[in-house]
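Number of protein chains: 4
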Amino acid sequence: MEELSVSELIKSFVEVRQSTIEICRPLVTEDYVVQPIPQVSPPKWHLAHTTWFFEEMILVPFLDNYKRFNKNFNLLFNSYYKAAGKHWLQAERGQLSRPTVSEIKNYRQYVEDFIEKLLNMGTQNEKVLFLLELGIHHEQQHQELLLMDIKYILGTNIELPTYRETELAKASKLKVEWFSIDEGVYEIGHKDKGFSYDNELPCHKSYLQKSEIRTGLITNGEYLEFIESRGYEKAELWLSLGWDWVNDNDVKAPLYWIRKEEKYFEFTLNGLRELDLNAPVAHISYFEADAFSRWSGHRLPTEQELEIFESKSQIKGELWCWTSSHYSPYPGFKNFEGAIGEYNGKFMCNQFVLRGGCSATPKNHYRETYRNFYPPHERWMFSGIRIARN
Amino acid sequence: MEELSVSELIKSFVEVRQSTIEICRPLVTEDYVVQPIPQVSPPKWHLAHTTWFFEEMILVPFLDNYKRFNKNFNLLFNSYYKAAGKHWLQAERGQLSRPTVSEIKNYRQYVEDFIEKLLNMGTQNEKVLFLLELGIHHEQQHQELLLMDIKYILGTNIELPTYRETELAKASKLKVEWFSIDEGVYEIGHKDKGFSYDNELPCHKSYLQKSEIRTGLITNGEYLEFIESRGYEKAELWLSLGWDWVNDNDVKAPLYWIRKEEKYFEFTLNGLRELDLNAPVAHISYFEADAFSRWSGHRLPTEQELEIFESKSQIKGELWCWTSSHYSPYPGFKNFEGAIGEYNGKFMCNQFVLRGGCSATPKNHYRETYRNFYPPHERWMFSGIRIARN
Amino acid sequence: MEELSVSELIKSFVEVRQSTIEICRPLVTEDYVVQPIPQVSPPKWHLAHTTWFFEEMILVPFLDNYKRFNKNFNLLFNSYYKAAGKHWLQAERGQLSRPTVSEIKNYRQYVEDFIEKLLNMGTQNEKVLFLLELGIHHEQQHQELLLMDIKYILGTNIELPTYRETELAKASKLKVEWFSIDEGVYEIGHKDKGFSYDNELPCHKSYLQKSEIRTGLITNGEYLEFIESRGYEKAELWLSLGWDWVNDNDVKAPLYWIRKEEKYFEFTLNGLRELDLNAPVAHISYFEADAFSRWSGHRLPTEQELEIFESKSQIKGELWCWTSSHYSPYPGFKNFEGAIGEYNGKFMCNQFVLRGGCSATPKNHYRETYRNFYPPHERWMFSGIRIARN
Amino acid sequence: MEELSVSELIKSFVEVRQSTIEICRPLVTEDYVVQPIPQVSPPKWHLAHTTWFFEEMILVPFLDNYKRFNKNFNLLFNSYYKAAGKHWLQAERGQLSRPTVSEIKNYRQYVEDFIEKLLNMGTQNEKVLFLLELGIHHEQQHQELLLMDIKYILGTNIELPTYRETELAKASKLKVEWFSIDEGVYEIGHKDKGFSYDNELPCHKSYLQKSEIRTGLITNGEYLEFIESRGYEKAELWLSLGWDWVNDNDVKAPLYWIRKEEKYFEFTLNGLRELDLNAPVAHISYFEADAFSRWSGHRLPTEQELEIFESKSQIKGELWCWTSSHYSPYPGFKNFEGAIGEYNGKFMCNQFVLRGGCSATPKNHYRETYRNFYPPHERWMFSGIRIARN
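Just so you know, the sequences run in chain order A, B, C and D.
Letter 15 of the first sequence, counting from 1, is numbered 898 in this note's numbering, and no numbers are missing.
Letter 346 of the second sequence, counting from 1, is numbered 1229 in this note's numbering, and no numbers are missing.
Letter 103 of the third sequence, counting from 1, is numbered 986 in this note's numbering, and no numbers are missing.
Letter 70 of the fourth sequence, counting from 1, is numbered 953 in this note's numbering, and no numbers are missing.
Derived from the structure by calculation, the hints contain no laboratory data.
The structure displayed is predicted, hence computed values, not measured ones.
Hints may be right or wrong, so weigh each one.
The list treats identical chains as one, so a pair stands whether inside a single copy or across any two.
In silico lysine-lysine, DSS-like type, Cα no more than 30 Å apart, as pairs [said to hold, decoys possible]: (1) Lys-1143 with Lys-969; (2) Lys-1135 with Lys-1093; (3) Lys-1143 with Lys-1074; (4) Lys-954 with Lys-1146; (5) Lys-1199 with Lys-954; (6) Lys-894 with Lys-969; (7) Lys-954 with Lys-1117.
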């Protein structure tokens, strides 16, 4: 990936900002407000938080005499950056009716105008351009989060409203194939000059054992076999924490699967539809991915294996694939400097890496070295299973 | 109070339904949706639930061929009537973005049309008329709840938006006077033919000791003295559960009091204003009312004492007054029959009675025998303190 | 009841102290230490706390130059008297292995010696004698608590060890009879000069409606009918909080009932035995007593009714009977003065009164005006059901 | 390490069993019973559980006609092996007063007699010998746990009783030195024929970057500097979960540090003593170790680095050192077969590896490839900090 020019950056900024609004277009006002579970944020919060990022990281420090749109927004729309001051509790975002959706849209416009003003002053320093690119990537991440959260919000309503009306094609039958990785030393991490997050750096050597990665994701049909063989009831298949999670939450199927009279349905952004057995299984926790892979006689790949697999096979993912790698710093890892240093490093504890991107990941956002990460019990993201063997 | 004629009932029905909508008029759509704490319901839920009551208690059983507006609404808008089927959890009402406010308004219209149709059929039986009157009173109760909940919802937002713009007059200085009640046997409970809830019945004899009730409510100024004498820090003033409550929640003042630079302000439906020392102290828990009365060398009155006080003094309340009476059945108490039997009786445990009505109580709704009740830690209702002595 | 002379008090003191030790004699050292649930205290804690009461209420203030046995014991063995300083959390009593049982027995001897020394100085003031009598009654209360807690502790062990080996006689068949109470004004509360707790005072007039009280307690057989008619599954029989309690705790029978192959057994201090259908049902929560009485078409009596019943019928209780009366202050109630003022008054919130004593209540401890009280979900005490009707 | 002969195994078995009893000798009966926090087990539970392991893994499957000592003990003393049946909840071990310490000692003798009988039959198969060796190592692990738990139990008591009376020597001043590791491919994991746990296998190649490891552990004095520079108050030093942990638990110093009048003391198995600034800091969570290392400008080593460091430097640890490595399976990892397959693998989620052993680790138990692991918030084990740099 190449470095972007200023005009390309501005173009990208405008497009990404517009695209966020497009994602929300099918929503009614009420959909923007609710937070059915703590990890799902109200869409209006995403609209404001991505704007806050540009305001607080760029306009406040770099635009002389910039006046904040609203002095309370730093408290309300900071997600977790301690260096940027106190912030409203994540779990309580759905308690707020104000600012309204309309006020937040005005906030977006206000900040966009000033960003464009700053960029058009022709005196950009490197730092501003870097932060702008980071802000664009940040907003793209939230576009995917928006789709995850919108799906959860709609799926909480008893009538399961549809987000978009397009029809989903049926998947074709999987052809099982394995991709080989030779034993040896590999370079892992981001190499070229283009943008990457700090957690993809530095590029470093890593020793990989001989392994094979299955080219196709695990399908609904394969996962259904696991369920029907009573996989959720067999302690020996599960990590200890996973077994607690299954029992505490009475988990019996992936998120969004609904059983009606002996048949499984799946809630999708296109509404409820009968389970497509050839489509990849989605909305899976690490615990489930790990138990399934053990049940199937395989294992989950490491993140290094998936990076090599992806770079060599050129297979792009429909779903983020859980890896067996806890999310840890690369050797020689350094945080971004300043408040944005809180972007990645402080979460390197008790989470697992997912690789490969998904259909909700914005174009131009993803790289082969991209490290997504979630706690092992989460499954409202578009996660799936890819298996490996020695 | 007299019994109402059919035409009076219809008139009352129309007025009360309209009045609920009026209460919500100052809200923006987002305000209708949120539930900042479990006991505060989203306003759109109130709009739907009061309608559900008429639909489920009257239209479904008494109107031939009535078709429900939406078959899911019985699940969503039943509050707690087990006899009426399963219901959505109270604490999760704020998770739902749908049905929208607009759909709920259509629901209201639909049910109102059929209620009027039923009433105009000229063949009302006693039961329907009773349920209609009960439904009207039920909706009036929710009008007060709406104002409580709206206040809490607005007060959660960081900018403390104003519900109404009218200016509040300053209270005049309190003149301390005591009203005497003689020792002896009194009749307690609802006597005449007009409407009452089941918990006000039967009228029965009760022996009261000699006592005096203060005519004026405890003021903000008096309560401030309690605070400044470190009342919240003295275990000996508090019930054991109250002391736990104070410490677990770090309580230091009534709800809605805000301290800024050595001065107290109070959030009201008219916005934030400086504390009016002559106005009655409001949004007080039973624990606080009890501790204050102990600190002041007095006690809280019993509910019987306040019933006699009110009937003889004709002093109407600005605020619901906590009594020292746990909420218990009157001797010979019988539930209403059927699902509405769950209206009152099943809450007769670990709550305290409040008497006197408040400025948010709808006209024509209140009677001297009215028994309001809340758990001792609650304070988002319009509650205050009236003291007694022997 | 008469006032006791000094020599009678000393005799009573010695006997009661000895009797506490006797109650613990069947225990092994390990039984003295554990706290299986927060409300059950380790027996060694009871041995120490009852001693602390004499030390802290009498020896420290009234015996010149008295030196505490151990300066840490005030922290460890104060139960809840805030006026007596900080105290170890109730729920954490079972965390402590030290002081050992043997050290606590030395503590008991040390304090007894000084109490006897103080009493034999011949200069007792009224206050000391009153506190001594209070301390004796306090220790008697803890004797009953010891039996409750020992039963729970033994019953937690998988082999259900027996506390005492004596054989229990089978109860004879109940003869159903009702005792009538006439409508009118009655005197309620402690009247004579003998000892009473502050919560039994003052004696005052109360108006009772005409009622009948059943002379026999509800039997296991009667309660079994309630279970078999699916009483635990019918929401309409339960208070709202009671219904939550049943479902949150999956309650299906009284505490200590064990079902084995279609038969019920009951764990008793005499070991596990087959359920005696004629014996009174025990270890019942208020919620269960209330639901049972509603199911049977009756109601629970008020505490005033049971006081009159007991004084007139001379029927003494095998089990503490739940009343429908929340635990509230009598008109004109005043706390004991000083730290012992925390004995009763501060618990007058969200508890219910039980009347009548039980077979574990020490002789000479009980009076007809005695007010026992527990939260409505508790059932490890020896509680039962007596029903009333109008 | 070499394989052991049968007679060496028997000798080792007898010694280890005896040594467990020796560790408990300073305890009074009450100390054997309590469980002050869920992760600390009562010493009598350890005595029984280590015995259960031999009974259930060896005697039951391999000794014909073996009769269990007590049929309930499989339920009570199974720790977490689902394949071995249901088990008593870990957090509720301290609820049980029975079996008594004395009964458990009889249980130990009974099982030891049968193990010796089985071994002396002269017909051992490989599996029995392997399980015996595993059982011995398992009991040695519990010896260290016993010391951890005893320390916590004694340290909970207000008088901080001393476990042993020997005097602790003062540490000498640290000489700061760094040990270099060259970049390249290394073999990691257990190699020779001697015993190891499954999680140390298979031996595999791993690529290490150039690094340096400090030879001396972080001292109390160095850690005190971190505290005095307000390290516990600076969000930027902490992992996100670590920052929550510090604030939720109000952590201000290592476990067992006690501040009295501006001076720090440390509770040790030898009683309370003034903090020795030259001694290594102990009872540190991963969160603290990570924050300290960031504050000091260094980082924690990986587990691979510490394995190489230890094998080359021959520096043995006084304390288990936290590594930055989440506890994950080695490439090609396979569980032990059968119930003992639950020994290690199912905990490979959200824990961190510690390396190096500690002074409480039994002799002959530790290997350089040994992987200890704990969740990042735990600190009742003998954990310390060793730092690394690139």
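Quick rundown of the hints versus the structure:
1. Within a single copy, Lys-1143 and Lys-969 get their C-alpha atoms only as close as 46 Å, which misses the 30 Å cut-off; across copies the closest is 18 Å, which meets it.
2. In this assembly of identical chains, the alpha carbons of Lys-1135 and Lys-1093 never lie at most 30 Å apart, being 35 Å within a copy and 47 Å across copies at closest.
3. In this assembly of identical chains, Lys-1143 and Lys-1074 lie within 30 Å of each other by CA distance neither inside one copy nor across copies; the values are 50 Å within and 54 Å between.
4. For the homomeric pair Lys-954 and Lys-1146, the shortest alpha-carbon distance between copies (23 Å) is at most 30 Å, but the shortest distance inside one copy (53 Å) is not.
5. Proximity of Lys-1199 and Lys-954 under a CA criterion of 30 Å is satisfied in neither setting, with 43 Å inside one chain copy and 44 Å between copies.
6. Taking identical chains as interchangeable, the C-alpha atoms of Lys-894 and Lys-969 are never at most 30 Å apart, the minima being 33 Å within one chain and 53 Å between chains.
7. Taking the shortest Cα distances, Lys-954 and Lys-1117 sit within 30 Å of each other only across copies (25 Å), while inside one copy they are farther apart (54 Å).
In terms of the numbered hints stated before, the structure departs from hints 2, 3, 5, 6, listed from lowest to highest.
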